[in-house]
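K.L.:
With these hints in hand, go ahead and build the complete structure from the sequences.
Heads up: the sequence lines are chains A and B, in that order. FYI, the numbering for the first sequence is 134 to 372, going by my numbering. FYI, the numbering for the second sequence is 421 to 825, going by my numbering.
Hint data in this document are derived by calculation from the structure and do not stem from the laboratory.
Far from chain B, some chain A residues (derived; all Cβ distances over 12 Å):
{"id": "1", "residue": "134"}
{"id": "2", "residue": "135"}
{"id": "3", "residue": "157"}
{"id": "4", "residue": "162"}
{"id": "5", "residue": "164"}
{"id": "6", "residue": "174"}
{"id": "7", "residue": "262"}
{"id": "8", "residue": "269"}
{"id": "9", "residue": "276"}
{"id": "10", "residue": "308"}
{"id": "11", "residue": "310"}
{"id": "12", "residue": "313"}
{"id": "13", "residue": "318"}
{"id": "14", "residue": "345"}
{"id": "15", "residue": "357"}
Computed from the model, here is a short list of chain A residues facing chain B with C-beta under 7 Å:
{"id": "16", "residue": "184"}
{"id": "17", "residue": "216"}
{"id": "18", "residue": "244"}
Keep in mind the model is a prediction, meaning the values are calculated, not measured. Just so you know, even glycine gets a beta-carbon here, dropped at the ideal spot from N, CA and C.
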Amino acid sequence: MEVTKIENVTRTFKIGKVETQALRGVNLLIENGEFTALVGPSGSGKTTLLQLIGCLDQPTSGRVYINGKDISKLNRNQRADMRRGTIGFIFQFFALIPTLTAYENVEIPLLLVGQGSAERHERITKLLEAVDLADRAHHRPDQLSGGEQQRVAIARALATQPALILADEPTANLDTANGKQVMEIMTRLNQETGVTFVFATHDPRVIHYARRVVTLRDGLIVQNGNGDQAPLPGEKYEI
Amino acid sequence: MMQLYKMAFRDLGRNRRRSFFSALALAMGLALLLLMAATVRGEMLGALESNIKLNSGHLQVRAASYNEDKTSLKWADLIENPEALAAKIAALQPVVAATPRLFASGIVSAKDSPVGVRIFGIDPASEANAPYRDGMVGGEFLTADDREGIVIGEALSNKLGLKTGDTVNLLVNTSSGDVDQQPFVIRGIYTTHTPGFDESTVLIPLLKAQAITKTENHASTIFIVLKNKADTAAVLAALPTSQYQVKTWEQMNELVVQFEQFADAYMSIFYLIILVITATVIVNTLIMSVYERTREIGILSAIGMKGGRIMAMFFAESSLLAVGGILMGLVLGGLLVFYATRYGFYIGNMGVTGMTLGERIYASLTLSDTISLTIITFVVTLLAALYPALLAARMQPVEALHSGQ
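P.N.:
Printed below as a string of structure tokens:
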């Protein structure tokens, strides 16, 4: 069953009098349980596509469906509801709230869905164990390494058991070892929980983790295949 | 809700110095409001009490035709045989003192310097005249049978360079419309710490006043002092209102009451100015906070936090600033008001026509003023958070997430 369907989506940004077309008519279907990479050079439209799938933005034309529901016309609050219940995010810059501990950062989405205290505690403990951070639960982001922060972000993204997790350049700010660890955790969680992962990257070290690679260039999907099409680790990825 | 306040508390803790100074601005604003309110209240209360004590008493009984403004000395405008009436009134249970007084206008001159004065003919032994008797700063108070003695205020003695034992010439209007003059020896000098009163009022014994003004056995008023202001209506009911005009302290101090209302309205403008300045500091602090945390707002929005909750987060911060600022403000304001209540502010001879202002203003803070100003400060601080909170809530998540990149 499809998690998201994108039909003829365009997205145009207007800065001053200049219009830039970030997406020029994209069609894409992502099935439940996929582990998909969006690849392409900077400016190809990867992040814009992720933002549209993640209800953070709205298309200029075309339709975006999440779990069969057209999200293109949702208002601000309805989009927030959709994000809260259905989508988890992992960002390039870790995106944790600096004043909260790892535990409290994971707790935010659970508080937003109104989960009870005991249930919340159980869930957070389980998630932090899943990302190997049980012993760092009460550390704040500035006391954690980049890799640890990104793992907290993964735990937070999984907190409400969303149907879809979107990751924008999740390893871009990590060294090789931490990048590998993050990708392995994401892969494991995808396999164990069946949650769909879509991640944008131009990091050739991580593309081979994807079981499907969607390549964008100049706002269009130019290649849509399985992970075998991706170059092997260490090889230069050529668009 | 607890989580919201926990986040708000920690956010304020990120920039402790800025948060502290914002709360301090709030504290100083509230402290200033409390001090201003207490000072105005104290000034009005002081003016009223002072006027009751020195000028009006709680009640006055006068002849039906007596006109206070003209200080009439015609027998028809005065009370005949005032001692008898005063004795009857003094017998009423809530009355501390009821004493005849004769008012006349005149001119005191010494060393070729004439000064217009009000002459109070008083019964020196009456409890109603304790404010003058207790305020003697030199010489002795009058006795009822003194035929040549006069007591003058300290402000007048300073003005004319007079001292106890000096002789002054007193020119007085009489009941027949003539003027008479006599030399008087200054027996003593009093102060009521009310320069406007002390400079313009001289005291002589009632009998002497009646003699010099040719108003034998007459008085302008029966001056009544009660144990408690609240007894006024009860005593008023027992007085012979059909034969005489009876004035209550409220009627005789209308100007003070009106001035108090005017002062309340006038001060509201100052309160508003202080609150707007304070609110500006809070708005500034929170706007800086919004801009510094734009990306975090984007993150929270991305994980599904709605605009209302983002607004609530900033209102929580604002309310914490308000609580901190108010607590500091109550302490700071309390200390200022304590000082102003105990030691007062010296204003000297700042006379206002119709009012008897002391040379010092003593603050008087009421619980209701404290509560209302505290609530107003809290509400204004929350209102100050409205714009920054809206700014945060209206941020587009995509733009917020990419801010600073």
